[in-house]
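Protein chains: 2
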Amino acid sequence: MTVATPTLTAYVEFASTYSYLAVMRLEEEAARAGVTVRWRPFLLGPIFKAQGWETSPFNLYPAKGRHMWRDMARRCAARGLALTRPDPFPVNGLLAARVATAIADTGERARGIRALFAAEFAEGRDIADPAVVAAVLEGVGLDGTALAARAADPAVKAALRQATDDAIGHGVFGAPSFVTADGELFWGDDRLEDALAWAAGTAVRPGRPQGA
Amino acid sequence: MTVATPTLTAYVEFASTYSYLAVMRLEEEAARAGVTVRWRPFLLGPIFKAQGWETSPFNLYPAKGRHMWRDMARRCAARGLALTRPDPFPVNGLLAARVATAIADTGERARGIRALFAAEFAEGRDIADPAVVAAVLEGVGLDGTALAARAADPAVKAALRQATDDAIGHGVFGAPSFVTADGELFWGDDRLEDALAWAAGTAVRPGRPQGA
Numbered sequence: 001m002t003v004a005t006p007t008l009t010a011y012v013e014f015a016s017t018y019s020y021l022a023v024m025r026l027e028e029e030a031a032r033a034g035v036t037v038r039w040r041p042f043l044l045g046p047i048f049k050a051q052g053w054e055t056s057p058f059n060l061y062p063a064k065g066r067h068m069w070r071d072m073a074r075r076c077a078a079r080g081l082a083l084t085r086p087d088p089f090p091v092n093g094l095l096a097a098r099v100a101t102a103i104a105d106t107g108e109r110a111r112g113i114r115a116l117f118a119a120e121f122a123e124g125r126d127i128a129d130p131a132v133v134a135a136v137l138e139g140v141g142l143d144g145t146a147l148a149a150r151a152a153d154p155a156v157k158a159a160l161r162q163a164t165d166d167a168i169g170h171g172v173f174g175a176p177s178f179v180t181a182d183g184e185l186f187w188g189d190d191r192l193e194d195a196l197a198w199a200a201g202t203a204v205r206p207g208r209p210q211g212a
Numbered sequence: 001m002t003v004a005t006p007t008l009t010a011y012v013e014f015a016s017t018y019s020y021l022a023v024m025r026l027e028e029e030a031a032r033a034g035v036t037v038r039w040r041p042f043l044l045g046p047i048f049k050a051q052g053w054e055t056s057p058f059n060l061y062p063a064k065g066r067h068m069w070r071d072m073a074r075r076c077a078a079r080g081l082a083l084t085r086p087d088p089f090p091v092n093g094l095l096a097a098r099v100a101t102a103i104a105d106t107g108e109r110a111r112g113i114r115a116l117f118a119a120e121f122a123e124g125r126d127i128a129d130p131a132v133v134a135a136v137l138e139g140v141g142l143d144g145t146a147l148a149a150r151a152a153d154p155a156v157k158a159a160l161r162q163a164t165d166d167a168i169g170h171g172v173f174g175a176p177s178f179v180t181a182d183g184e185l186f187w188g189d190d191r192l193e194d195a196l197a198w199a200a201g202t203a204v205r206p207g208r209p210q211g212a
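Quick mapping for you: the protein sequence lines, in order, are chains A and B.
When you line the first sequence up against the numbering used here, it's residues 1 to 212, in that order.
When you line the second sequence up against the numbering used here, it's residues 1 to 212, in that order.
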């Protein structure tokens with residue numbers, strides 16, 4: 001008899017600062033929890049537009065934005081991660097999301113996504129540029145040129161649209177977001193541990209009678 | 001020679017769900033970190049209104065609101081806290097904020113604030129009602145009737161306005177928020193540990209050279 005490994009779907013958006021924090025530790029934390037990650041790049045833009053936002057809430061609400069950048073600096077310092085503020089912010093993550101979607105192999109997709117986030121947020125490279133995307137992927141042993149070209153593939157475009165639609169269907173409104181096999185939604189790098197515990201079946205679940 | 005105990009200013013808003021989470025553990029966590037809490041009830045309403053919000057963002061953005069309530073249920077279950085959804089939500093916290101501001105003694109203020117949050121979010125009582133506020137405070141050994149009457153005192157009203165202005169001056173945009181003696185701002189129950197570590201001088205601080 002084989003027992004299925006618990007899985008957790010990770011919705012990540014390349015423009016999202018807190019997605020960077022989560023992406024850089026996700027594989028390690030998931031391995032520790034005995035959970036397999038299903039990586040789904042998606043786009044927040046259509047979700048934000050539907051609620052009337054034309055840019056990141058961190059730009060729309062300056063006090064929130066100032067706290068976010070300071071919080072990122074603190075968290076990155078504590079985790080030993082470099083942080084460079086992308087300029088412009090937010091980056092247009094469409095190309096990177098399509099290219100990451102085009103990577104079929106799970107392990108390769110994880111590696112590619114992590115390399116692209118590090119290029120953007122640690123090194124300040126422009127991941128909206130196809131040449132940069134190709135070079136970053138080549139740097140982690142993937143066929144960057146072929147993958148960058150696949151961004152124009154209608155099937156890849158459709159798959160990314162499907163990921164965004166699926167995210168919306170699960171109630172996603174920000175990034176990163178994590179969805180368990182039983183549909184439980186967790187938002188933010190701050191909820192990664194909770195999401196993994198839920199996926200692994202070790203979380204305290206609400207709704208039981210008081211005192212049970 | 002006396003060494004001053006580190007302090008942390010806690011800005012809490014009675015309508016705020018995540019303030020409830022923080023308030024119920026703040027004294028214990030602060031004691032463990034060797035930090036003294038300076039309690040400052042404030043009002044988010046004027047801050048939200050200034051950015052065009054007439055109600056809680058959890059009402060304005062339904063997907064965000066649905067996640068918040070589920071997240072609260074999960075966190076409360078994990079911490080052994082009861083949770084009742086206030087109706088209407090958000091409560092008008094003006095009266096409770098004024099009354100809490102009127103409590104001069106630090107220990108009594110902490111006790112009063114905690115009792116009011118528990119009445120609202122654990123028991124579902126209406127803390128916009130002066131009789132309820134008085135009864136809740138009496139229940140923890142305070143002179144609830146006299147304190148409830150002090151909500152109309154112009155000096156108390158002015159002190160609460162000052163707390164809100166000070167919060168804005170520190171960059172506060174949500175609740176709970178924590179501000180250290182050196183002006184570092186931390187937003188959310190999720191950042192309580194970070195704020196206490198910063199106040200206690202044990203946090204990793206950003207801005208040092210790479211690799212230092």
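Treat the hints as calculated values from the structure; they're not laboratory data.
Just so it is clear, CB atoms sit at the ideal spot from N, CA and C, and this is done for glycine as well.
Where hints are given, some of them may not hold.
As the list claims (entries may be wrong) - Simulated pairs of lysine-lysine, DSS-like, Cα-Cα distance not exceeding 27 Å:
id : chain 1 : residue 1 : chain 2 : residue 2
1  : B       : Lys-157   : A       : Lys-157
2  : A       : Lys-49    : B       : Lys-157
3  : A       : Lys-49    : A       : Lys-64
4  : B       : Lys-49    : A       : Lys-49
5  : A       : Lys-64    : A       : Lys-157
6  : B       : Lys-64    : B       : Lys-49
7  : B       : Lys-157   : B       : Lys-49
8  : A       : Lys-49    : B       : Lys-64
To be verified - Residues from chain A that face chain B, not an exhaustive set, calculated with beta carbons under 7 Å:
id : residue
9  : Gln-51
10 : Lys-64
11 : Ala-131
12 : Ala-135
13 : Phe-173
14 : Leu-185
We went through each hint and held it up to the structure:
1. B:Lys-157 - A:Lys-157: 57 Å, violated
2. A:Lys-49 - B:Lys-157: Outside the cut-off at roughly 40 Å; violated.
3. A:Lys-49 - A:Lys-64: 19 Å, holds
4. B:Lys-49 - A:Lys-49: 21 Å, holds
5. A:Lys-64 - A:Lys-157: 32 Å, violated
6. B:Lys-64 - B:Lys-49: Status holds; Cα separation ~19 Å.
7. B:Lys-157 - B:Lys-49: Holds, at about 19 Å.
8. A:Lys-49 - B:Lys-64: 15 Å, holds
9. Gln-51: Given a least distance of 6 Å, the restraint on Gln-51 (chain A) holds.
10. Lys-64: With a minimum Cβ separation of about 5 Å from chain B (threshold 7 Å), the hint on Lys-64 (chain A) holds.
11. Ala-131: Result: violated, 26 Å to nearest chain B Cβ.
12. Ala-135: At 22 Å from the nearest chain B Cβ, Ala-135 (chain A) fails the 7 Å test, so the hint is violated.
13. Phe-173: 4 Å, holds
14. Leu-185: 6 Å, holds
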